[in-house]
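A.B. asks: Sequence:
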Amino acid sequence: MVWVSWLGREGRGEVDRDVAVRRLAKALEKDHRAKQPPRPARETDRSTGIAVRPTRRAS
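Per my numbering, the very first residue in the sequence shown carries number 5; after that it's consecutive.
These are computed hints drawn from the structure, not numbers from a lab.
Beta carbons are placed, not taken as given, at the ideal position from N, Cα and C, and that holds for glycine.
Watch out, some of these pointers could steer you wrong.
[Claimed, not checked] Straight-line distance between alpha carbons at most 20 Å, and here's what the computed SDA-like set of lysine to any residue pairs gives:
{"id": "1", "residue 1": "34", "residue 2": "24"}
{"id": "2", "residue 1": "30", "residue 2": "20"}
{"id": "3", "residue 1": "30", "residue 2": "19"}
{"id": "4", "residue 1": "34", "residue 2": "22"}
{"id": "5", "residue 1": "34", "residue 2": "23"}
[Claimed, not checked] Distance ranges between label pairs, derived from CB positions:
{"id": "6", "residue 1": "27", "residue 2": "47", "range": "37 to 47 Å"}
{"id": "7", "residue 1": "20", "residue 2": "40", "range": "27 to 37 Å"}
{"id": "8", "residue 1": "21", "residue 2": "41", "range": "29 to 39 Å"}
Please construct the entire structure, taking both the sequences and the accompanying hints into account.
C.D. replies: In structure tokens form, the structure reads like this:
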């Protein structure tokens with residue numbers, strides 16, 4: 005049933021090729037976050053919420 009309603013859907017319409025090229029060029033000119041230096045890694049918290057004493061070695 006879903007595919008029947010999908011087939012009857014109106015399309016988004018034709019996009020002019022020149023307009024599409026301009027949009028693509030504008031998007032490629034933007035300063036992307038990936039080009040910025042990466043953030044330092046966060047120090048992970050190894051806490052489990054339970055107090056655990058270190059094991060004693062048998063002497």
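A.B. asks: Indicate, hint by hint, whether the structure satisfies it.
C.D. replies: Going down the list of hints, with the structure as the test:
| no. | hint | verdict |
| --- | --- | --- |
| 1 | 34 to 24 | holds, 16 Å |
| 2 | 30 to 20 | holds, 15 Å |
| 3 | 30 to 19 | holds, 16 Å |
| 4 | 34 to 22 | holds, 19 Å |
| 5 | 34 to 23 | holds, 17 Å |
| 6 | 27 to 47: 37 to 47 Å | holds, 42 Å |
| 7 | 20 to 40: 27 to 37 Å | holds, 34 Å |
| 8 | 21 to 41: 29 to 39 Å | holds, 37 Å |
Checked against the numbered hints given earlier, this structure breaks none of them.
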